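Residue 1 is where the sequence shown starts when you use our numbering, and the numbers rise one by one after that.
To be clear, the hints were calculated from the coordinates, so they are not data collected in a lab. Certain hints may be false.
[What the hints assert, rightly or not] Across the chosen pairs, the derived CB separations fall in these ranges:
#, residue 1, residue 2, range
1, 31, 130, 50 to 56 Å
2, 323, 24, 26 to 32 Å
3, 260, 83, 31 to 37 Å
4, 65, 8, 39 to 45 Å
[Claimed, not checked] Each computed BS3-like pair below joins lysine-lysine, with the alpha-carbon atoms no more than 27 Å apart:
#, residue 1, residue 2
5, 34, 111
6, 285, 222
7, 313, 296
8, 180, 111
9, 171, 222
10, 34, 241
As the structure is a computational prediction, the values presented were derived from the model and not from experiment. All C-beta atoms in this analysis are idealised placements derived from N, C-alpha and C, irrespective of residue type, glycine included.
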Amino acid sequence: MTHYLTFLAKLTFKKILNLLLVEISFILSILLRKPIVWGMPYTVSIEPTQLCDLRCPQCHTGAGILIRAKDMMDNGLYRRIIDEIKNTTLYLILYFQGEPLMNKNIFDMIKYASINKIFCVTSTNGQHLDHNYAEKIVSSGLDRLIISVDGTNQLTYEQYRIGGKLEKIIKGTRYISEFKRESLSSKPEIIYQFLVFRHNEHQVEEIIKFGQEYGADKVWIKSAQVLDLNQGQNIIPENQKYARYRINDQGRLTLKGRLKNRCNRLWRTAVITTDGLVVPCCFDKNADYDMGDMNKNKLAEIWKNQKYRDFRKELLKNRCGIEICNNCTEGIRVYF
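Build out the structure end to end from the sequences listed, making use of the hints.
Printed below as a string of structure tokens:
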């Protein structure tokens, strides 16, 4: 309940009006089969860094296949983006690829979003949650913290989070909970996120109790993405409830849901990389579909430029022809 009250407290008439414009234009685009774009994205993802200290095999960064130059977002660029989007953005996601807490300016980034009344969430692998970082997280004004916990013991956890220590997450969560109590703060909301693979699906029920025991406000069970659909048959859960894929007659992984010629992300969400590139969505890991550069243009100019318009037009006509869409879960339930 506190989470919803925090979100509502940051709503303004301009933000609500923008949301309505976006939703109406998306519906019209589907009905008329042509891209109509009103308003600005009300969810924005900004990538603080592409660097990460773990080697998760189904992650572009962890697998070493992220071909973009690894870097940190410039704080000046970040503030210019926030200054532009603060009157229309309902939800700021401070992560994309990489580990956000490795950016030395991350707490200033969170604070700047907070003072501009934007609901802010970030995600972490939990390896940096020492006493000092925990205190800074609470004092930064962060609204939601997602912590990746893919096992209830070290043996299971490290099979995917290669190089990680589960004990660091447990201690870090306790530190955050302590500082929340001491400062009489309800923020951040702590969420344990559990990616379900075959090796850890037996711990789905355990992770709920695990989260309650160590101080998580919620536990999210999420189906995992597989990078190579020609492989991974032994990775996806045996329980199809937790899998976003099925194995077809050729032995290849295919999405369980039907890919429709529509996608609300192209109307609702903008994703901005560390170097300021605007990409269509979080499935464009390597910025193959660069829509514009925030170092050269404002988001309002990029959002409605011809390149974006052509991309949306193609999506409404033949989404299967767009490579990044073929491993996308838009429209498929992935949380449980």
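How the hints compare with the structure:
1. Taking the beta carbon of each, residue 31 and residue 130 are about 52 Å apart, inside 50 to 56 Å as hinted.
2. The given range of 26 to 32 Å is respected by residue 323 and residue 24, whose C-beta atoms sit roughly 30 Å from each other.
3. One distance hint, 31 to 37 Å for the beta-carbon pair residue 260 and residue 83, holds here, with the actual separation near 36 Å.
4. For residue 65 and residue 8, the hinted distance range of 39 to 45 Å is satisfied, since their beta carbons lie about 41 Å from each other.
5. At roughly 39 Å between alpha-carbon atoms, residue 34 and residue 111 are farther apart than 27 Å, so this suggested pair is violated.
6. Distance restraint check for residue 285 and residue 222: the Cα-Cα separation of roughly 19 Å lies within the 27 Å cut-off, and the hinted pair is therefore satisfied.
7. Simply put, residue 313 and residue 296 have alpha-carbon atoms about 24 Å apart, close enough for the 27 Å limit, and the pair holds.
8. For the proposed pair residue 180 and residue 111, the alpha carbon gap of about 16 Å is at most 27 Å, so the pair holds.
9. At roughly 23 Å between alpha-carbon atoms, residue 171 and residue 222 fall within 27 Å of each other, so this suggested pair holds.
10. Distance check on the hinted pair: residue 34 and residue 241 sit about 35 Å apart at the alpha-carbon level, beyond 27 Å; violated.
The structure is inconsistent with the numbered hints 5 and 10, although it conforms to all the rest.
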